[in-house]
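S.K.: Protein chains in written order, with the numbering used here: chain A, 1 to 113; chain L, 1 to 120.
Just so you know, the hints here were simulated from the structure itself, not pulled from any lab data. Any given hint might turn out to be false.
Said to hold, decoys possible - Computed list of lysine to aspartate or glutamate pairs in EDC-like fashion (alpha-carbon distance at most 16 angstroms, straight line):
id : chain 1 : residue 1 : chain 2 : residue 2
1  : L       : 3         : A       : 72
2  : L       : 70        : L       : 59
3  : L       : 38        : L       : 55
4  : L       : 38        : L       : 112
5  : L       : 38        : A       : 59
6  : L       : 3         : L       : 26
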Amino acid sequence: DAEITQSPRHKITETGRQVTLACHQTWNHNNMFWYRQDLGHGLRLIHYSYGVQDTNKGEVSDGYSVSRSNTEDLPLTLESAASSQTSVYFCASSSFLTGIEQFFGPGTRLTVL
Amino acid sequence: AQKVTQAQTEISVVEKEDVTLDCVYETRDTTYYLFWYKQPPSGELVFLIRRNSFDEQNEISGRYSWNFQKSTSSFNFTITASQVVDSAVYFCALSEARGSLGPSGSRLTFGEGTQLTVNP
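In isolation and in its complexed conformation, chain L is listed as follows (with noise of 0.2 angstroms):
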């Protein structure tokens, strides 16, 4: 079973700072995709970043970037100079791949999410 991990269930931070939001998952595929989503205070979903089992690459845009390790089955996400904006829960997410079809269609496992609160 697939399972996903975010241990930091609020994190409070003043506006600047940096912050790392933690994100460890759990699965036998050797084929999945790491996600990350945005809830601002207003409810919506917001889809930030998709990555695959095989890149390693970590991502940068703009003050956001995404650190994935396999070694540690961790995919971390760091805001640089946060702002009053990046308030939300983030979701971090897994997805298996669907059989040779590939992951298109699969289903999402969802940790249970962090609430950043960035003070002015």
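The following block holds chain A by itself, in its conformation from the complex (with noise of 0.2 angstroms):
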């Protein structure tokens, strides 16, 4: 069955330091997004790709960067992680043709101390 991985799953870190965050699907999804989620604002958008090779910034991209080098895969970094960076991180894919849903992964609860 088609899905959506998020790795790792729990993160610990301190800050300044580089972190990269993976998600892979398998729907062969043209269109990918990373969101972080936090009491009291809910999800908000961090980028977000439509196809290999694109990219795009979203409401809260600053200290953070993607890359999109195949459909599969849209791993997240953070540059130089801060405790503000301290949050839940879902990736989320949708079709271009038929996808008004996007499928969201299962998360990662990123910790930076």
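Mind docking these for me? Both chains are given alone in their own frames, and the hints should help you get the complex.
M.R.: Shown next as structure tokens:
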């Protein structure tokens, strides 16, 4: 069955370190998204991609970057982790042709100490 | 800019009660989609429903029903005869239309979520 996975599921890191969160989908979806979830804010869009080599900034992109070298993966990198980036991160994907709704991964809980 | 407001931060009910979760949205688009997602205690996000801006028909799915009213920019969600398993955070979300290609792949704007607790 097609799915969307995230790794690691839990991560603890220190301020200033570079961290990469992986997102892999086997739906063959063109569109991929990264959101962060914080209490009182719901989910907010960090970055998104509509296809290979395409990346776009979302609402809260400062301190984050993404790259899209293939259809299946959209890794999210925190260049220099900050305590304000402690959050739960969700990856999502949708089909360009039929996908109005997005399918979400299980989430990654990141703690920056 | 788009905005979704879920004014109810927390709701607590007793099992078998009916409960309505409110969602009010703002958008300048004439074509858009509205969604509800459920996030149970396990943390995953579960898609519940999608509604497009041209379809104001109410929808019922088992104990769940949705009331979409463009005149008041609202998309409310009602659970009839609530059960303990309905306890979760519920998110309302809005997707803009992506130009002439329609809403496919469009970004979601989420409300802050409503924590529903159903007590036995």
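S.K.: Take the hints in turn and mark each one as holding or not.
M.R.: Taking the hints in turn, this is what the structure says about them:
Taking the CA atoms of residue 3 of chain L and residue 72 of chain A, the gap is about 30 angstroms. The hint is violated against a cut of 16 angstroms. Restraint check for residue 70 of chain L and residue 59 of chain L: the C-alpha separation of about 15 angstroms stays at or below 16 angstroms, so the hint holds. About 22 angstroms separates the Cα atoms of residue 38 of chain L and residue 55 of chain L, which puts this hinted pair outside 16 angstroms; it is violated. Proximity of residue 38 of chain L to residue 112 of chain L is assessed by CA-CA distance (about 12 angstroms); at most 16 angstroms being required, the pair is judged to hold.
Restraint check for residue 38 of chain L and residue 59 of chain A: the C-alpha separation of about 22 angstroms exceeds 16 angstroms, so the hint is violated. In summary, the hint linking residue 3 of chain L to residue 26 of chain L is supported, as the alpha carbons are separated by about 5 angstroms, within the 16 angstroms threshold.
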